[in-house]
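Asks: Generate coordinates for the entire structure from the input sequences, incorporating the hints supplied.
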Amino acid sequence: MRIATWNVNSVRARLPRLLPWLEEHRPDVVCLQETKVVDELFPTSYLEDQGYDVVAHGQKTYNGVAILARRGIRDVVRGFPDDAEDAQARAIAATIDGWRILNLYVPNGAEVGHEKYQYKLAWLERLRRYLDAAFCADDQIVVCGDFNITFDDRDIHDPAAWHEQILCSTPERDALRRVMDFGLFDALRKHHAEAGIHTWWDMRTRAFARGAGLRIDHFLVTRPALDACNAVDVDLDACRGKSPSDHAPVIASFA
DNA sequence: ATGGTCGCGGAGCGA
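Numbered by our numbering, the letters in the first sequence go through residues -4 to 250 in order.
Calculated from the structure, these hints are not laboratory results. The beta-carbon is built from N, C-alpha and C at its ideal position, and this holds for glycine as well. Please note: incorrect hints may appear among the correct ones.
[Said to hold, decoys possible] Beta-carbon label-pair distances, calculated as ranges:
| hint | residue 1 | residue 2 | range |
| --- | --- | --- | --- |
| 1 | 225 | 148 | 38 to 44 Å |
| 2 | 160 | 131 | 15 to 21 Å |
| 3 | 154 | 43 | 30 to 36 Å |
| 4 | 131 | 166 | 23 to 29 Å |
| 5 | 116 | 197 | 21 to 27 Å |
| 6 | 236 | 186 | 22 to 28 Å |
| 7 | 148 | 41 | 35 to 41 Å |
| 8 | 67 | 113 | 36 to 42 Å |
| 9 | 132 | 78 | 22 to 28 Å |
Replies: Encoded structure:
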């Protein structure tokens, strides 16, 4: 089982990159974030032509998540149980081939102390409550997506410049740790201990060309899934060439 | 470089 996570920054704008990428890599499951489209306008037929079933949870202009899978998708849950009717579309869960998958687009938070930052921290508390209520750490569960949080300074190209800044602050990391305490492990770190592995680069400062990225897209997996995990790798090739996303895809392989 | 570039939607916001 090979599962990919990729913040595509608009699924419709990224189709010219996404479709050939699917053809090349053929992952069994693909979790997309920032699809930026309502479900009625999701480019489902293009993805079905690539052999994928599609479940989406989107909204106009902002946010939006989707799961593509080459096998049957079951037990789809959109959003959080305590979401309001107009809640931001940031979570979708599904079961594929015995694997429970939760695909997340964690709020960015704007800047430390901002109203959006408080929303981010509260959202992570709601995520933990959702995990406690609807998931079991003894099952094979993969929680993946754009978490908009670095775990530690190995995930930052310039730790001094980002010290206690958004995506790197202690309260964010503590909130992520409380999510992990449900019984999740950072799957990439099973295979790679080194610093300098990044998944996002600021478009405004052409950060990819400068090698100035952060690792904020993660595979968080339960112990049974961690034991089955053979590899987790970032596909930097998807960031080169014409009109890439500002995030790289991450692919995890499971026995 | 307190700037810069995308995407959406058709001005300004979010990232």
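Asks: Decide, hint by hint, whether the structure agrees.
Replies: Now for the hints, and whether the structure bears them out:
Against the hinted window of 38 to 44 Å, the Cβ-Cβ separation of residue 225 and residue 148 comes to about 27 Å, which falls outside the hint. Between residue 160 and residue 131, the C-beta spacing of about 36 Å breaks the proposed range 15 to 21 Å. A beta carbon spacing of about 44 Å between residue 154 and residue 43 contradicts the range 30 to 36 Å that was offered as a hint. For the pair residue 131 and residue 166, the supplied restraint of 23 to 29 Å holds, since their beta-carbon distance comes to about 28 Å.
Restraint check, residue 116 to residue 197: a C-beta distance of roughly 22 Å satisfies the suggested window 21 to 27 Å. In this structure the hint that residue 236 and residue 186 lie 22 to 28 Å apart at CB holds, the actual value being about 26 Å. Take residue 148 and residue 41: their Cβ atoms lie about 40 Å apart, and the range 35 to 41 Å holds. With their beta carbons about 39 Å apart, residue 67 and residue 113 fall inside the hinted range of 36 to 42 Å.
The hinted range of 22 to 28 Å is satisfied by residue 132 and residue 78, whose Cβ atoms lie roughly 23 Å apart.
Hints 1, 2, 3 from the earlier list are contradicted by this structure; the remaining hints agree with it.
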